[in-house]
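Colleague: Read off the chains here:
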Amino acid sequence: MEITITPHEPTTAIVYLQGRLNLLVAGELRQRLLQEVAEGRSILVIDMSSVSFIDSSGLGALIGSLKIARLAGGDLRLAAINDQAETLLRLTTLNKLLRPYADVAAALDLG
Amino acid sequence: MHKAIEKQFVLSTDPNICIEQLHLILEEFWCVAPVDCEQQLLFSTALCEVMTNILRYAVEPSGGEIVLRLRLTSCLLEARIADWGRPWVDPPSHYRLPDAMQEHGRGLAIAAKALDQLSYRRLGNLINCWRLRLHV
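For the protein sequence lines, the chains are A and B, in the order given. Using UniProt numbering, the first residue of the first sequence is number 1, and each one after it goes up by one. Using UniProt numbering, the first residue of the second sequence is number 1, and each one after it goes up by one.
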């Protein structure tokens with residue numbers, strides 16, 4: 001998986017992911033996101049438009065990062081999820097905690 | 001009514017290889033198996049969760065193999081998985097989702113919710129056998 005992080009505002013980072021978000025990359029993603037929060041960017045907008053598949057490990061990394069982001073006064077927002085991610089959120093009833101946004105612009109507008 | 005489809009695959013116990021193999025197998029299987037998109041998503045999600053569980057808790061990355069059988073009949077989509085790893089000593093009678101903010105412990109609960117039937121048994125104190133079933 002490719003992880004590309006772009007600072008958007010002093011407190012916001014846009015995180016573009018490409019590939020599968022699973023057991024193999026969950027740890028790295030969590031670490032990268034926590035680093036962003038540590039540097040003051042506690043609003044994390046995750047661009048999921050190129051994520052083809054996500055599993056419970058990937059979901060765990062997002063929840064862990066959400067917790068830390070909220071403790072720092074921020075948030076983690078998912079943008080442009082595909083049908084499989086939507087299915088996973090529905091099965092886990094996490095669609096309220098990780099409410100998905102149509103796209104990155106919609107997720108940023110909340111700020 | 002379509003003819004039953006049955007395929008068998010041998011996967012690596014190395015997570016880096018196994019997960020890639022599994023996605024390729026599923027992509028090819030859906031090309032020949034007439035299953036609607038929603039059920040493909042549910043079954044693929046469940047199968048990946050069970051496989052991840054095996055890779056994480058049962059087998060060692062080097063030197064082993066995992067056997068996967070996929071079967072589609074007119075009314076049933078089924079996966080059987082066999083590995084020769086550590087036994088699951090005390091499997092629960094049912095799988096429960098953890099609290100929303102928990103980072104771990106969702107995999108098999110997701111699989112169970114996605115499927116009509118998820119079962120595990122240890123065969124002859126040698127083989128871990130998983131069966132995943134979804135009515136189609």
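It should be emphasised that the hints constitute simulated quantities derived from the structure, not laboratory data. Please note: incorrect hints may appear among the correct ones.
Here are the computed lysine to aspartate or glutamate pairs in the DMTMM-like style, where the Cα-Cα straight-line distance is at most 20 Å [unchecked claim]:
(1) A:Lys67 <-> B:Glu27
(2) B:Lys113 <-> A:Glu28
(3) B:Lys113 <-> A:Asp83
(4) B:Lys7 <-> B:Glu27
(5) A:Lys96 <-> B:Asp99
(6) A:Lys96 <-> B:Glu27
Colleague: Confirm or reject each hint.
Modeller: Structure-based check of all given hints:
| no. | hint | in the structure |
| --- | --- | --- |
| 1 | A:Lys67 <-> B:Glu27 | violated (34 Å) |
| 2 | B:Lys113 <-> A:Glu28 | violated (28 Å) |
| 3 | B:Lys113 <-> A:Asp83 | holds (17 Å) |
| 4 | B:Lys7 <-> B:Glu27 | holds (13 Å) |
| 5 | A:Lys96 <-> B:Asp99 | holds (13 Å) |
| 6 | A:Lys96 <-> B:Glu27 | violated (30 Å) |
Comparing the model with each numbered hint stated earlier shows that hints 1, 2 and 6 do not hold.
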